[in-house]
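Enquirer: So the chains spell out like this:
Protein chains: 2
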Amino acid sequence: MLFVQKFGGSSVATPDHIRRVAQKVKATLDEGHQVVVVVSAMGDTTDELVAKAEAVSDTRSGREMDVLLSTGEIQSTALMAMALEALGVPARSFTGRDAGILTDFDHGRARILAVHPQKLQEALAAGVTPVVAGFQGVNARDDVTTLGRGGSDLTAIALASALKADRCEIYSDVAGVFTADPRVVPAAVPLAQLSYDEMLELASQGAQVLQTQAVDYARGNGVVIHARSTFQDAPGTIIDHRGAATNQAVTAVALNKRIAKIGLKGVPDAPGVAAHLFEKLARHGINIDLVIQSLSHEQLNDIAFTVALDDAEAAERLSREALEELKGQGLVVDRNVAKVSAVGSGLLGRPGVAARLFRALADAGVNIQMIGTSEIKISCIIAREQAEVALSAIHEAFGLHESGRLETD
Amino acid sequence: MLFVQKFGGSSVATPDHIRRVAQKVKATLDEGHQVVVVVSAMGDTTDELVAKAEAVSDTRSGREMDVLLSTGEIQSTALMAMALEALGVPARSFTGRDAGILTDFDHGRARILAVHPQKLQEALAAGVTPVVAGFQGVNARDDVTTLGRGGSDLTAIALASALKADRCEIYSDVAGVFTADPRVVPAAVPLAQLSYDEMLELASQGAQVLQTQAVDYARGNGVVIHARSTFQDAPGTIIDHRGAATNQAVTAVALNKRIAKIGLKGVPDAPGVAAHLFEKLARHGINIDLVIQSLSHEQLNDIAFTVALDDAEAAERLSREALEELKGQGLVVDRNVAKVSAVGSGLLGRPGVAARLFRALADAGVNIQMIGTSEIKISCIIAREQAEVALSAIHEAFGLHESGRLETD
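Same order as they appear, the protein sequences are chains E and Z. 872 is the number of the first residue of the first sequence in this note's numbering; add one for each residue after it. 872 is the number of the first residue of the second sequence in this note's numbering; add one for each residue after it.
Worth flagging that the hints you see were computed from the coordinates, not collected in a lab. Be aware that one or more of the hints could be misleading.
Because identical chains share one entry, a pair is satisfied inside a single copy or across any pair of copies.
[As the list claims (entries may be wrong)] Cross-link-like lysine-lysine pairs, in silico, DSSO-like; alpha carbons within 27 Å at most:
hint	residue 1	residue 2
1	K923	K895
2	K897	K923
3	K1128	K895
4	K1035	K1136
Model the full structure from these sequences, guided by the hints.
Expert: Below, the structure is given as structure tokens:
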């Protein structure tokens, strides 16, 4: 079988880590399989390079940032190839360009347009294990591009698709996807299976196991992802189209504390008012998440929405502008909120789930400020100091501590 | 005019240094010139990468080491291009491959076979300042190669030759080539001019201003080198075919303390004896420097030679083998020696110079153990603890403290 095995920054953080990962790759080869290795930059390398660039210039061209940042992964490939060769495994490093990853021109968050993996196939045919730099490609001008934070996951999945690999294993320092962040909910357990849609909801809700774009690419190209721990021998989580093999309504819960809530009070209840506000935010690149509009009262409405905490300052300024233009009555900004979400394919068509969730929060003394739902998700905005209590309450209410059905070490 | 300006590792050691170098490049551009910038890796980056590789594996493939080490210079190019753009200077980073530097396959110490600088010329024609990664090229398989320690000097000189640049400026943290290492001889002064041959003798004698291979390339291609200080406004040293514009016999002195002396006593005075010994050393890649063979005494000879201190252990073992094979009488190994050298085109055909040098050492109480000469150099092996005394004595005897004829700051 052909495996793609991707190792994240914490898995290759030191020379010692790199040698242990090489042992792991060799173990797969020794079972008679072929492996394409994908690596991230070592530990905090990328952050350190960003800090240097920020110290050099306030205005950093996307091209030069990508030239700079792409070197971190290239270093990892050379070191990993050396570590494999030290174990007697013929190996060879490949940049994103060498691996045939062609992207668009959008530096810093390029999208993969095509993968031409001929050189990788030649290496495999010659019995050489390719070690590919994650997170990067080249555009049609042969300039290096990068795929954005977590882009090495996308590299692995795109290569697995192009090479028709039998497995795509994403290794990190956690043993797969959990029913909740185990640092917040100690009772959380790893999930054996998850659907792409569930993973996407969890990823965008704050779970940091896999990059959203990578999961989306896997869904679009039918790549089965196996999220595993590098240095623990746990079974990990399979992510595919099937979803959790469980009868439970909720598969997992997620928490996002990096949000802010903004409310405009007393704006006219007239067509185009919400559009005016949200177009203004969109023009400045600000994504809004949950939105509620209250019932009209004397021809006036309240509109509230949430944004990422990093966007709060800009969103507040733009909202104040909009409020004045709309002759509204007041602005409320709350930076002390959090979002708890329950995700599960089992939510579909089960009207009682939301009620059960609200009851769990009420019993825990948590007041719900806003509610948002999708087909497989319910999110609640609550006070940030109650975030952990709320997450644990939902986790317990849906019996998630029993749902992983996995032996963990 | 077209300038090539090369900045070494200490000149780009921090983001602050990089911004100051960018100001310097801009000053040249503001005078109406074009500049091709060549940069080394920041500070100790290369040493740090070597340490990581050594921690990963004992056997490091040349290809992977070159992939790894070449990233340091690439990081510098991206940061320097950003720093230039922050000053309003259109700039663009180039790898060795982008700059068209084609080398042989000898990883770690590749030789430049050809330079195809079309992309650099296109950038210059478009008003963009190219920033090129020193120390690297690609071989005919499109694999990255590196040119060996100090290889960024060679990159700059090769580009200056290929681009027919008007000037090739090599910037470092010293204000050019001095009559002696100023840390050893405080009276040392910078030289205004020096010939390629003098520079080569000084470089191989331990002066670390310019890489030997780079000076040799400049001599072969008629590139005039201007060695200057990055952050001092001193005139620096011109290195070309003309040599020092001085009537003095000696241009500069050099000191090398990283050597060892090995002597074989009482070997037969017969043809092939020296050949047997030195062929054995050569087969193991050990370069010998000075050699003396004593006058024959009862059909027996003594042979002594010097090697780099790093080679001393291997040389001792091989010499002991040779001694037994030749049925010689004894082996002497002295690791506490140093070599002082006086270099100058003016040595040619001036028989009194050697005597003057020996007199200076005698007056300083320094015993001479071995003597070696070339057309423009006299070297003496002495006890290492007298190295500094000896160097100062020669420097003073030839009046070098007056020879620079430069204003320094």
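Enquirer: What are the numbers of the hints that this structure violates, sorted from low to high?
Expert: Checked against the structure, the hints that fail are numbers 3 and 4, while the rest are satisfied.
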